[in-house]
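Student: Here is what each chain is made of, one letter per residue.
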Amino acid sequence: MSNTTPGAQQPLLAPPAARPSGPRTAARSHAQTVRGLLIKIALLGIVDAIALFAMFILVMREQWLVFAIAAVVTVIINVIYLRPGRLPAKYLAPGVFFLAVFQIFVVGYSGYIAFTNYGDGHNSTKEDAIESIIANSLTRVPDSPTYRLTVVEQFGTYGFLVTDPDGETLLGTPEQPLEEVDAEEDSTGKAVSVAGWTSLGFGDLLANQSVVVDLSVPLSDDPNDGALRTPDGSSAYVYTSDLVYDESADSFTDTTGGEVYVDGGDGAFVNEAGRELQPGWKIDVGFENFQRAFTNEDIRGPLLSVTLWTFAFAILSVASTFVLGLFLAIVFNAPHMRGKKIYRVIMVLPYAFPGFLSALVFLGLFNEQFGFFNQVLLGGASIPWLTDPWLAKFSILFVNLWLGFPYMFLICTGALQSIPEELSEAATVDGAKPFAVFRLIKFPLLLVSVAPLLISSFAFNFNNFNLIYMLTGGGPRDIEAGVDAGATDILITLVYKVAFGEGTGRDYGLASAFAILIFLIVATVSIVSFRQTKALEELN
Amino acid sequence: MKVTSRSFTITGALAMSAIVLAGCTAPAGEPGEGSEEPQFEGSLTVWVDADRAGVLEDVAAAFEDERGVSVELVTKDFGAIRDEFITQAPTGNGPDIIVGAHDWLGKLVQNGVVSPLELGDKASEFQDVAVTAMSYEGQTYGLPYSVENIALVRNVDIAPEAPETFDDLIAAGQAAVAEGAAEYPFLVGLDPAAADPYHLYPLQASFGAPVFEITADGTYDPTTLALGNEGGEAFAVKLREWGQAGILNTNISGDIAREEFVAGKSGYFLTGPWNIPAISEGGINYAIDPIPTAGGETATPFVGVQGFYVSSESENQFAANEFLVNYIGTDEVQTALYEVGGRAPALLSAFEAAQSDADVAAFGAVGAEGVPMPNVPAMDVVWSDWGSTEVAIINGQGDPVELWRAMVESIQSKITG
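Taken in sequence, the protein lines are chains A and B. At position 345 of the first sequence (counting the first as 1) the number is 345 in the working numbering, and the numbers step up by one without a gap. At position 372 of the second sequence (counting the first as 1) the number is 372 in the working numbering, and the numbers step up by one without a gap.
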């Protein structure tokens with residue numbers, strides 16, 4: 001009792017290690033804790049400095065929510081590492097942090113996107129959209145002259161001092177239309193300064209450009225004459241706008257036709273005829289994307305055949321790569337074989353190439369007329385590897401086998417080597433034939449460790465977008481049937497076509513909704529399979 | 001998940017960077033915040049691809065010297081710029097200027113991320129087609145720097161004379177094949193799944209079938225398809241004929257077509273200036289001709305224009321405008337960009353200087369007849385149906401006219417949503 005209680009107050013390492021070996025080790029050990037403490041303080045200091053800097057910037061940008069999260073996270077990190085004890089938390093904290101940043105946030109964010117109309121045409125906020133519409137609707141009056149310009153300032157009010165093409169000098173502000181003034185001119189006849197006003201140089205202009213670029217100085221009292229604006233600070237042009245924004249009514253009016261565009265509730269300004277102004281903005285749409293996902297004709301039509309092929313593709317890919325990988329693993333695991341290491345390195349090569357690159361190479365090899373397979377291997381045959389619906393399916397599986405077997409080879413080799421030799425020896429002594437040894441002893445033991453990886457491999461192939469997209473693009477398409485889905489389209493590529501290839505273009509909201517639905521399918525399959533593997537484990 | 005995760009990761013990474021790294025990724029100096037200070041401390045951020053970055057370094061240095069505004073060049077993969085820009089601009093962390101192709105414009109405007117650019121009197125100093133391409137619904141948005149289009153490249157040793165019509169070309173090409181002087185009557189790079197509507201467009205246009213109706217002010221009306229008119233159907237019938245005669249072959253990809261032409265196996269190759277270096281290195285004695293008409297009207301290719309856009313979220317509109325109009329829009333810079341990229345300059349004076357290169361002059365003459373590739377967002381929807389229908393027709397599936405009509409219907413229904 002008396003030993004343990006005071007010991008807990010002191011650093012854990014020092015007392016037991018120090019006592020038997022005398023003062024020298026004690027000193028070294030003490031130095032170690034001091035050094036560890038210093039390193040800890042330094043690292044924590046760096047983290048805090050970065051966090052503080054980030055928070056400072058977040059305050060400047062008025063990102064209050066992110067600021068609050070950053071502050072809380074920083075405090076938690078400091079508490080975890082400064083308080084003694086809580087060893088598990090110390091180990092887990094970095095992992096949890098990065099898990100949150102790179103996984104949970106991303107998944108959560110796509111979940112959120114599924115409930116918005118984010119996509120082409122709905123890219124930003126309403127304020128940005130209004131600003132863009134106003135800017136885009138300003139058009140320069142055709143054949144209007146260029147006014148040479150000096151931007152002037154008086155008590156915080158900016159004005160335009162311009163020289164019109166006839167050489168007359170005029171001054172105006174956004175409130176006060178252009179009037180003739182007497183001004184000083186430079187050698188080229190351009191008015192450069194006027195009494196009572198300060199002229200802005202290029203540096204001043206740049207410093208105030210966000211204000212100056214929005215200045216609009218009317219030509220006369222009649223707004224239809226247009227207004228002078230400057231895109232560069234040194235020349236001004238006459239602009240008219242055919243769309244006028246009314247802030248109180250939150251609507252745009254077309255000055256040429258008198259049509260009114262109002263916020264139609266779908267994230268865009270729309271007139272009575274249903275014409276939308278571009279751009280719109282991002283809004284929350286509730287379950288609309290999911291509703292569209294289920295009612296979309298281009299999905300519903302080919303859904304059954306595509307789903308069947310997706311499952312077939314994923315299952316056959318896993319099965320074929322596993323069988324080949326396992327076979328090779330057994331062969332190269334044979335104790336008497338020579339040059340095993342070299343063979344193993346060669347086997348792993350397909351795994352080392354980027355998958356999309358291999359797909360592109362195979363695309364060339366499969367060419368009907370010029371490809372290596374037809375030209376060289378089959379002596380000039382013209383087999384439509386990628387343009388016949390069934391051959392294309394076969395080609396996809398073949399390429400995926402080539403791409404996938406090294407992975408299975410690696411994990412099977414590892415699993416085989418972890419099975420103790422004594423087991424098979426014992427079985428042989430009991431009179432079992434080699435195949436029986438494999439089937440009854442090695443294979444079940446192998447499956448215990450490999451089965452979870454097979455399930456994850458299934459999940460990966462279920463969404464193997466790269467391969468399909470690069471090799472066949474989902475084709476060949478039955479053009480006469482009038483559906484977009486091709487013979488090799490899996491769910492994810494079909495969804496890609498629908499969400500990114502129709503109507504206004506890329507529709508991230510719809511794509512996220514689809515992604516969530518596909519996730520549900522994969523999750524269900526995986527959970528069921530994992531249950532099965534557990535049963536397998538208990539069996540052994 | 002694969003599809004969407006990239007953009008989510010970008011957005012996610014952006015948002016999280018606020019927690020972790022906000023300070024590190026913020027542009028040097030927040031412009032506009034301290035507007036009381038007379039001294040401007042901001043900088044321009046420009047997204048540019050690796051090829052063009054070198055040229056822009058010099059002009060950026062000049063701009064910094066003369067105007068006191070530093071220009072930060074961020075090198076990006078050209079193909080990734082459009083989507084990343086659309087995602088990042090609304091967050092306020094996007095660049096001030098991007099380099100881009102003109103057919104991105106509709107999408108950029110649709111998303112409200114690009115700001116109109118007033119070229120002022122400078123507009124008349126650029127090729128008309130370049131300024132038109134950089135305009136959308138009557139408003140100019142970008143500063144063009146290059147113009148490119150396809151033309152007919154002819155192997156003079158096999159085909160000594162430029163064909164008047166596409167039928168002449170086929171006759172001459174087939175004669176050359178019969179004599180054994182060539183292996184293919186005609187070459188154009190197609191894709192087994194998507195053909196290549198871009199390369200086949202001049203032939204289609206010669207039947208009087210553009211993609212969209214062209215309105216009175218010379219811009220496209222993205223709601224009215226013109227693909228489906230009689231000319232379009234006549235083109236569909238011809239496609240079938242050419243496919244069966246082996247003039248068009250969807251197994252011949254762009255790479256294969258170039259290889260075979262460089263190997264001297266065909267008299268004609270429908271391609272753009274990007275393949276000229278390979279052809280001349282291959283020792284082919286070539287000439288560049290206008291594309292012969294197939295349907296009677298002029299075979300006008302699509303013209304592609306590249307240029308620079310200003311972000312609508314930029315706090316440095318003046319500096320960006322000044323940099324583009326008065327620095328990028330100059331003779332030296334446009335010429336330098338032409339020299340590094342091989343694309344003809346958009347600025348007239350630089351374009352005329354580049355005429356000393358016979359290839360540029362020849363492609364330019366063909367491009368003068370061309371129309372800008374449509375830059376309306378609806379184009380994204382058009383390409384896929386258009387291409388796969390062309391494949392089906394060329395390869396002899398179904399009735400060409402019916403396929404063509406089904407395609408028009410499908411595109412129309414996707415455009416209207």
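These are calculated hints, taken from the structure and not from any lab test. Quick reminder that beta carbons are idealized off the backbone N, C-alpha and C, glycines included. Honestly, I wouldn't trust all of these hints.
For each label pair, taking beta carbons as the anchor points, the in silico distance ranges come out as [to be verified]:
{"id": "1", "chain 1": "B", "residue 1": "A62", "chain 2": "A", "residue 2": "I41", "range": "47 to 55 Å"}
{"id": "2", "chain 1": "A", "residue 1": "E259", "chain 2": "B", "residue 2": "G246", "range": "37 to 45 Å"}
{"id": "3", "chain 1": "B", "residue 1": "A175", "chain 2": "A", "residue 2": "P354", "range": "44 to 52 Å"}
{"id": "4", "chain 1": "A", "residue 1": "Q369", "chain 2": "B", "residue 2": "G296", "range": "48 to 56 Å"}
Heads up, simulated PhoX-like pairs for lysine-lysine below, C-alpha to C-alpha not over 25 Å straight-line [unchecked claim]:
{"id": "5", "chain 1": "A", "residue 1": "K341", "chain 2": "A", "residue 2": "K190"}
{"id": "6", "chain 1": "B", "residue 1": "K122", "chain 2": "A", "residue 2": "K190"}
{"id": "7", "chain 1": "A", "residue 1": "K40", "chain 2": "A", "residue 2": "K90"}
{"id": "8", "chain 1": "B", "residue 1": "K414", "chain 2": "A", "residue 2": "K497"}
{"id": "9", "chain 1": "A", "residue 1": "K40", "chain 2": "A", "residue 2": "K190"}
{"id": "10", "chain 1": "A", "residue 1": "K393", "chain 2": "A", "residue 2": "K534"}
Student: Next, verify each hint and record whether it holds.
Tutor: For each hint, the structure was consulted:
| no. | hint | in the structure |
| --- | --- | --- |
| 1 | B/A62 - A/I41: 47 to 55 Å | holds (48 Å) |
| 2 | A/E259 - B/G246: 37 to 45 Å | violated (55 Å) |
| 3 | B/A175 - A/P354: 44 to 52 Å | holds (46 Å) |
| 4 | A/Q369 - B/G296: 48 to 56 Å | violated (32 Å) |
| 5 | A/K341 - A/K190 | violated (82 Å) |
| 6 | B/K122 - A/K190 | holds (19 Å) |
| 7 | A/K40 - A/K90 | holds (12 Å) |
| 8 | B/K414 - A/K497 | holds (12 Å) |
| 9 | A/K40 - A/K190 | violated (66 Å) |
| 10 | A/K393 - A/K534 | violated (33 Å) |
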